[in-house]
Amino acid sequence: MSKDVLPMTVVLLVALLLASGLIAENGIRLQDGIYTVGTDDAGAAAILAGDPRFVVSLTDSAALARSQDAYDLVIADGAVRGNPTEKGRAALSAFAVAYRNYRNSVYTGEDDLFAAYPLWIDTVEVTSSLDFTATDNGQRIAPKPQGETDVRPSGPVEDLPTPPATLAASTEELRRDLADAPAENNGIARYLGMFSSGPDPGEFKTPSQLSPPLPFDSLIYIFVFIFPLYFTSQFAMMSIANERIERRGEILLSTPAGPLTIIAGKMLPYFLMMIAVSSAIVLITGGSFLILLPLVPVILFFLAAALLIGMTARSFRELSFLSIFFSTVMTSYLFFPSIFANVHVISLLSPLTLVVLQFQGTGFSAADYVYATALFWLSTAFIFWLCTRNFTEEQLFSQESLTSRLCSFIFAAMSREHPFASLAVINVLAIPLVFMVQMMYLVLLFNLPLPWSLVALILLAAFTEEVARSVGIVALFRGIPDFFTWRNVVVAAAATGLGFLVGEKLLLLVMMAQVTGSLFGTVLFSGVGLLWMPFLLHTAGALIVGAALKAGGRGAYFPGILLATAVHASYNLILIGGAL
Amino acid sequence: MKASHVWTIAKKELKGIGNERTIVLAILLQVFIAMFSSFLVVGLTSLYDPSSLGSMSGGYAIGYAGADSPLAELLEEKGDFLVYRMDLDEAGAALRERKLAAVVYVPDTPPDGADPVKITLYTLKNDISASVTGVKIREAMEAYEGMLREARSSRLSTEPVEIAVPADAGGQTFFIFVYGLLVPLLLFMPAIISASLIIDFITEEYSTKTLETLLSTPLTFTEILWGKVLAAWVLVPIQAAAWIALLAANGIAIRSIPEILLHVSAASLVLILIGALVALHYRERTSAQFVYSTALVVVILAVLAVPGNPANLIVLLAAGSPAPLHRAALVGVLAGTFLLAIATDRYARRLAGKTVQ
Chain A
1 MSKDVLPMTV VLLVALLLAS GLIAENGIRL QDGIYTVGTD DAGAAAILAG
51 DPRFVVSLTD SAALARSQDA YDLVIADGAV RGNPTEKGRA ALSAFAVAYR
101 NYRNSVYTGE DDLFAAYPLW IDTVEVTSSL DFTATDNGQR IAPKPQGETD
151 VRPSGPVEDL PTPPATLAAS TEELRRDLAD APAENNGIAR YLGMFSSGPD
201 PGEFKTPSQL SPPLPFDSLI YIFVFIFPLY FTSQFAMMSI ANERIERRGE
251 ILLSTPAGPL TIIAGKMLPY FLMMIAVSSA IVLITGGSFL ILLPLVPVIL
301 FFLAAALLIG MTARSFRELS FLSIFFSTVM TSYLFFPSIF ANVHVISLLS
351 PLTLVVLQFQ GTGFSAADYV YATALFWLST AFIFWLCTRN FTEEQLFSQE
401 SLTSRLCSFI FAAMSREHPF ASLAVINVLA IPLVFMVQMM YLVLLFNLPL
451 PWSLVALILL AAFTEEVARS VGIVALFRGI PDFFTWRNVV VAAAATGLGF
501 LVGEKLLLLV MMAQVTGSLF GTVLFSGVGL LWMPFLLHTA GALIVGAALK
551 AGGRGAYFPG ILLATAVHAS YNLILIGGAL
Chain B
1001 MKASHVWTIA KKELKGIGNE RTIVLAILLQ VFIAMFSSFL VVGLTSLYDP
1051 SSLGSMSGGY AIGYAGADSP LAELLEEKGD FLVYRMDLDE AGAALRERKL
1101 AAVVYVPDTP PDGADPVKIT LYTLKNDISA SVTGVKIREA MEAYEGMLRE
1151 ARSSRLSTEP VEIAVPADAG GQTFFIFVYG LLVPLLLFMP AIISASLIID
1201 FITEEYSTKT LETLLSTPLT FTEILWGKVL AAWVLVPIQA AAWIALLAAN
1251 GIAIRSIPEI LLHVSAASLV LILIGALVAL HYRERTSAQF VYSTALVVVI
1301 LAVLAVPGNP ANLIVLLAAG SPAPLHRAAL VGVLAGTFLL AIATDRYARR
1351 LAGKTVQ
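Chains A and B are the protein sequences, given in the same order.
The opening residue of the first sequence carries number 1 in this note's numbering; numbering runs sequentially from there.
The opening residue of the second sequence carries number 1001 in this note's numbering; numbering runs sequentially from there.
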């Protein structure tokens, strides 16, 4: 960064303070005047006077009766009526909250506190453990009465101390808590308050202060842990892109240091920075340092992606868009599963669930750790390997488009002497990435109603696998155009199928036991037992694409992929048809 | 300054975006978000207000321990809960096994006594179902509070104004979340993206040293600048319109669409010009993006604190609420944009003069 950024930063920080002061003074004026209210009652108008969301018109009863539909809410004769529209109902809901706050402000002024607030609640939160067997088939655990007359625990019964009947706080303390924490339902503020030591609502609450427990703690962990990582990986991305765009990398490449050394050296400071930021957050939030364990593979994956994006983007705008796209997709992958922490086994797909569990005090086992992070470790290794092979002058400074760059990356990683063996190896190595994409579909689709989620999953998974398998063949095809005789097409397809099969089964053996047991697993991984059927399937897919390329050239690639997807999907549908 | 020259540059930049498929990525991203917007809206609405999860199917089991009270009937009244009277220790164990949704313990304090009634509520930690049941438990507790308050009413000095609120009012936060937060957020996202795009457009010419080549053609420096501004600007209404169409496809109808697009376009030009000024000054991407994003936060905070700001007006227009001042505000924003445009033009001319010497 240039030097005159610093004074500007100081000016902007002062302006930021002033602007936050302005916001604190005025509030956020986003929803001002969204609801219209008509009333003939000055007392009711006074209740809403302090709420900028309502525009109140005070008229006489006759005028009000004539123009009822003009208002979202009408308050007359001591009752409130909402328009039968969605907006009218929302206005009514907002009025109910405002009215409750008004009543509470009247009661807080009473001399006899326990006459105004006769009921106090002490909330105790109980931790429940995960139950894998019950959640295996996409069902959530929720306590529902089974029609029996009695509920009895099946496990051991521990003693719960009988709570005392009196409040362990003085009247003054309770009054102060009531004034500090009004019975308002400001959702976001509660989340922001989680980490700050703001006004504590107090141990005992009145019913209107009783807010439902926060369901999505994990969202906060995403914001707190993942966003600093995005920012740092942005800098890593820009540093790589700078080497290329200003051709500074030439000097680095001319030194005796190999590509691996250069990459490791460039990535190390960012890695350390990310670890330091995460440790600082752990210290501030008072968590355990075990939280860093699931974060390390996430950090490494971000760096690997930053390296790949930095090496493939041709300009800064392409870099911006790629990084925005990558971060949105990664946020969904990390965030959606962790919503279901404690509820569904799918949640363990995201390393962030381990963070949530660790924060709750539940902890996680070594098996959970392997399950949640294996794909991150393996994908990271694959991307780093690919980038190291391509960290050469020729690749770094070319101006090809994104897809052809990726193809030439893959081609450069292959051995010219053993093209078929390279094809097989490329497919073995690409498996973790393919699985990650398929897990992403699982995460996004399992919430749909059952037949649709299965059909969509089958189609998307088949499409992804065919695209992944075709990558090696396309790279060869572009690299050595006259390589593909018909004999070679068949051999290449067989090599691809073999590589894919070996990679798939290896990874399944290592980590997938939990998912493969369920219906979704059968869809994704097309049966574990038989080996020759999936081999034929993989080979057939690659063969279709290879033949399409050979016969029709590059224009035939897309139809070829679609045909292979159709074959693959119908095979899976028949298989599932048996399973269903 | 010739309009055809400006248009040439704008076409070049737009073509660049098209060639790099960046705009394809941006649209993919929009579709991606929209595809899962039902999921997103449920998740985000409950973040905004967890009580919106309030619809339950079937019913939940609740353990009840301690002295008898009307609370048990209140919980069962609406059919939301089945109340099981049981021993506190057993209820606690059943709760941990998720056979119960919650456990209440009620002491034997008299309803009209001097002491308050203190109820202990045991719930499951960090669980969606606990959020769902929490809303209904609160309703029952508030009803019980009303009964107790009635029994002690002789000790109260003032009565609040009575307004009968229909019993089913509440929990309707979807509307205000969508129109009051999501719509302005999504519609201003293209403006923010375009403003950071103009920084890339300008700094790229400096970093790849292509500016001299461009200037050797009949194009002038200011023409190049305005061409880039134009390219970044035309993307805003297109993307905003795409959002409106995607929202409509998800069943969220937006009213007064032309007016909204006018407001978004006018306000986004301010952001783009700020981005252009910053980029002209620093000529280097990292510094310019850093200063711009900090300035953006300041501008957004300051603007949101003013009543009748463009975001507020868009909320009102989209929701179909009366926005009497929106034309006057539009004229105001346009006047401000005009002044900023003159300032940018002057600055660019000065820079151009320096480059020539």
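One thing to keep in mind: the hints can contain errors.
[As the list claims (entries may be wrong)] Estimated spans, in silico, between C-beta atoms of each pair:
| no. | chain 1 | residue 1 | chain 2 | residue 2 | range |
| --- | --- | --- | --- | --- | --- |
| 1 | B | G1320 | A | E172 | 43 to 51 Å |
| 2 | B | A1241 | A | G555 | 43 to 51 Å |
| 3 | B | L1185 | A | V277 | 23 to 31 Å |
| 4 | A | G552 | B | A1249 | 31 to 39 Å |
| 5 | B | D1108 | A | D112 | 15 to 23 Å |
[Unchecked claim] Residues of chain B placed beyond 12 Å of chain A at every Cβ, according to the derived structure:
| no. | residue |
| --- | --- |
| 6 | D1112 |
| 7 | I1119 |
| 8 | T1203 |
| 9 | E1204 |
| 10 | T1213 |
| 11 | S1216 |
| 12 | T1220 |
| 13 | V1234 |
| 14 | I1238 |
| 15 | A1242 |
| 16 | V1306 |
| 17 | P1324 |
| 18 | R1327 |
| 19 | A1348 |
Derived from the structure by calculation, the hints contain no laboratory data.
Glycine is no exception: its CB is placed at the ideal position from the N, C-alpha and C atoms.
Checked hints:
Between G1320 of chain B and E172 of chain A the C-beta distance comes to about 48 Å, which sits within the given range of 43 to 51 Å. A beta carbon spacing of about 33 Å between A1241 of chain B and G555 of chain A contradicts the range 43 to 51 Å that was offered as a hint. Checked against the hint of 23 to 31 Å, the pair L1185 of chain B and V277 of chain A passes, with Cβ atoms roughly 26 Å apart. A hinted range of 31 to 39 Å holds for the C-beta pair G552 of chain A and A1249 of chain B, which are about 35 Å apart.
Range check, D1108 of chain B to D112 of chain A: Cβ separation about 21 Å, and the 15 to 23 Å hint holds. Here D1112 of chain B does not stay apart from chain A, with its beta-carbon only about 9 Å from theirs, under the 12 Å limit. With a minimum CB-CB distance of about 5 Å to chain A, I1119 of chain B fails to clear the 12 Å threshold, and the non-interface call is violated. Its beta-carbon lying about 7 Å from the closest one in chain A, T1203 of chain B breaks the requirement of being farther than 12 Å from that chain.
At roughly 6 Å from the closest C-beta of chain A, the C-beta of E1204 of chain B falls inside 12 Å, breaking its exclusion from the interface. Separation of T1213 of chain B from chain A is adequate, the least Cβ-Cβ distance of about 16 Å exceeding the 12 Å criterion. At roughly 21 Å from the closest C-beta of chain A, the C-beta of S1216 of chain B stays outside 12 Å, upholding its exclusion from the interface. Remark: the non-interface label on T1220 of chain B is consistent with the geometry, its nearest Cβ contact in chain A lying 24 Å away (cut-off 12 Å).
Non-interface status of V1234 of chain B relative to chain A is upheld: no Cβ of that chain comes within 12 Å, the nearest being about 15 Å off. The non-interface label for I1238 of chain B is consistent with chain A: the shortest C-beta to C-beta separation is roughly 15 Å, beyond 12 Å. Under the 12 Å C-beta cut-off, the non-interface status given to A1242 of chain B relative to chain A holds; the minimum distance is some 15 Å. Residue-level check failed: V1306 of chain B sits 6 Å from the nearest beta carbon of chain A, not beyond 12 Å.
Annotated as non-interface, P1324 of chain B brings its C-beta within 12 Å of a C-beta of chain A; the closest such distance is 9 Å. Every beta carbon of chain A lies more than 12 Å from that of R1327 of chain B, the smallest distance being close to 16 Å; the non-interface claim holds. Remark: the non-interface label on A1348 of chain B is consistent with the geometry, its nearest Cβ contact in chain A lying 19 Å away (cut-off 12 Å).
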